[in-house]
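K.L.:
Chains as they are written, first to last, in numbering that gives the first Met the number 0: chain G, 0 to 405; chain D, 0 to 63.
Any given hint could be a false lead.
Incomplete in silico selection of chain G near chain D, CB under 10 Å [said to hold, decoys possible]:
id	residue
1	Lys6
2	Arg353
3	Ser357
4	Arg361
Bear in mind the hints are in silico, worked out from the structure with no lab data behind them.
Cβ atoms here follow ideal geometry from the backbone N, Cα and C, with glycine treated the same way.
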Amino acid sequence: MTTEMTKPPVEDFATDWDHTDPTWVKNPYPIWDELRETCPVAHTDRYGGGWFPVTHELVSEIANDTDHYTSRTVVIGNGRPGDDAPPAPIGVVPPISSDPPFHQIARRIILPALAPRPVAALEPQIRELCKSLVEKVKDNEIVNGSSDYAQYIPANVVELLLGLPSEDEDLFRHFIHVALEGVDEPDQDKRIEMFTPLEEYITRVVEDRMANPGDDLISYLLSVEIGGQKLAPEHIFGTVVLVLIAGIDTTWSAIGASLYHLATHPEDRQRLVDEPELIPTAIEEFLRFYAPVSMARLVKEDFDFHGCPMKKDDWILLGFPAANRDPKAFKDADKFIIDREVNRHLAFGLGIHRCAGSNLARLEMQVALEEFLLKFPNFELADESAVTWSQGQVRGPRNLPLRILK
Amino acid sequence: MKISIDPDRCQGHGRCFSLAPGLFDSDELGNGFAVGDGNVAAGDEELARLAQANCPEHAVLIEE
C-alpha cells in the first residue's frame with residue numbers, strides 16, 4: 000500500500016524505527032536481532048511517538064499489562080489518536096479494541112463460535128475449497144502461491160462464517176481488498192474513505208439478516224443478549240468488521256509464508272510430502288518463524304517502563320514476530336526446525352487478547368498445506384526477485400510465483 | 000502424576016488438547032481442562048510434559 004507522504008528512510012532503528020520502512024518490510028529480522036542486542040526497547044518520534052520492545056520477556060510483560068496500556072487502537076496511524084479516538088471500553092471493533100472489564104463480555108460472545116468443535120465442523124468445506132483452488136491451476140507452469148491460492152482461502156472461509164450469498168463473492172472480495180489496504184493507511188480520512196464501501200455492504204447484510212436470520216455468525220450476534228439486552232448495532236457491526244479484518248490477510252499471510260518457506264527449502268518440503276502427519280508440528284514452526292501479526296497498544300498515562308519514559312498516547316508496537324526470534328526464549332531461535340517439539344511461540348499473541356480465530360487459522364493452514372502438497376509435491380520459487388512482502392502490521396508474501404516441478 | 004489447567008492463566012491457545020487429546024479437552028469457550036480427575040496414566044507422562052512445555056501462558060500445571 001502507498002502513502003503519499005514521503006518519509007525519510009530510517010538510519011537508526013533504535014531511535015527512529017518505522018515498521019513501514021522498505022528495509023524493514025523486505026527483511027525485518029536482522030533489524031530486530033540487532034535491537035535485541037543493543038536496545039531492547041526501541042523508540043521513534045514518528046507516528047507521534049512510539050516504542051518497540053523486541054524481547055520475548057518485554058513483549059509478554061506488555062501484552063499482559065492492561066493497567067498501563069489500552070487496546071482502543073491496535074493499528075498504528077499517523078500521530079497520536081488523542082481524546083477523539085474511539086472510547087476505550089468497547090472500541091470500534093470489539094473485543095480486540097476493548098479493555099477490561101467490557102472486553103471479557105465481548106470476548107465471551109464470540110469465543111463459542113470459534114471454539115475447536117464448531118471450527119472442526121468447517122473442515123470438509125475448507126478442504127473442498129482448497130481442492131477446487133489447486134484444481135483450477137493444476138496445469139499452470141507457474142502458480143502464484145499468494146494471489147492464486149493463499150488469498151482465497153480465508154476470504155472464502157469468512158464468507159462461509161458470515162453466511163454471505165455466493166453471488167456477492169466478487170463484490171465482497173473487492174470491498175475487502177480496498178478495506179485491507181486501508182487498515183495500514185496512516186491518513187485517518189483516507190482510511191475512513193477506503194472503509195466506506197465495505198461498511199455499507201455489511202450494514203446491508205446485517206439489515207437483511209435481521210429480517211431473515213440464518214445459522215451464521217451475524218444471525219448469532221443478532222440473537223445474543225447481555226444482561227437481557229441485545230447487542231448494540233455498533234457492537235455487531237464492529238465484530239463483523241473485526242472478523243473481516245483480522246481473519247483474512249493474517250491467515251493469507253501465514254499460508255503464503257509457509258509456501259514461501261517450502262519453495263525455498265526443498266528438504267523441508269520433501270519431509271512434509273513424505274510425512275504429512277508432521278504438518279501440525281510444522282505449522283507451529285511456520286507460525287513461530289514467520290509470525291505475520293504485530294499488534295499495537297497505547298500508553299494510558301505517563302509512566303516509566305524499565306527506564307523508558309513512556310508518555311500518555313505513545314504507541315507500542317507489540318512485536319510478537321520479534322519475540323518469537325528471541326534466543327533467550329527459544330533454542331536455536333534463528334533456525335527453522337520443522338519438527339521442533341517445544342514451541343511456546345506468541346504468533347497468536349498472549350494474554351486476554353489471544354487471537355480468537357486461532358483454531359480456525361490453524362485448521363486453514365493445515366488443510367491449505369495438505370491439499371497444496373498433495374497436488375504439487377514439488378515446486379520452487381520461479382523468481383526470487385519478484386517476491387514482495389506486505390507492508391504494515393501484517394507480514395506475508397503478496398507476490399509469490401512458484402514454478403511447479405514434475 | 001496429576002495435571003490441571005490454571006483457569007486464570009489459560010487463554011484458549013489450544014496447545015494442550017491438540018498435543019495430548021487424551022489428557023486435556025476444551026470447554027465451550029475453547030479453554031483447556033484436564034480430562035477426568037487429572038491423574039495421568041503410566042506411560043503418558045511425556046505427553047503431559049509436552050503439553051506443559053508448549054503452553055504459551057504457562058497454564059498447564061503438573062504435580063509429580
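K.L.:
Are the hints correct? Go through all of them and say.
P.N.:
Each hint tested on the structure:
| no. | hint | result |
| --- | --- | --- |
| 1 | Lys6 | violated, 34 Å |
| 2 | Arg353 | holds, 4 Å |
| 3 | Ser357 | holds, 7 Å |
| 4 | Arg361 | holds, 8 Å |
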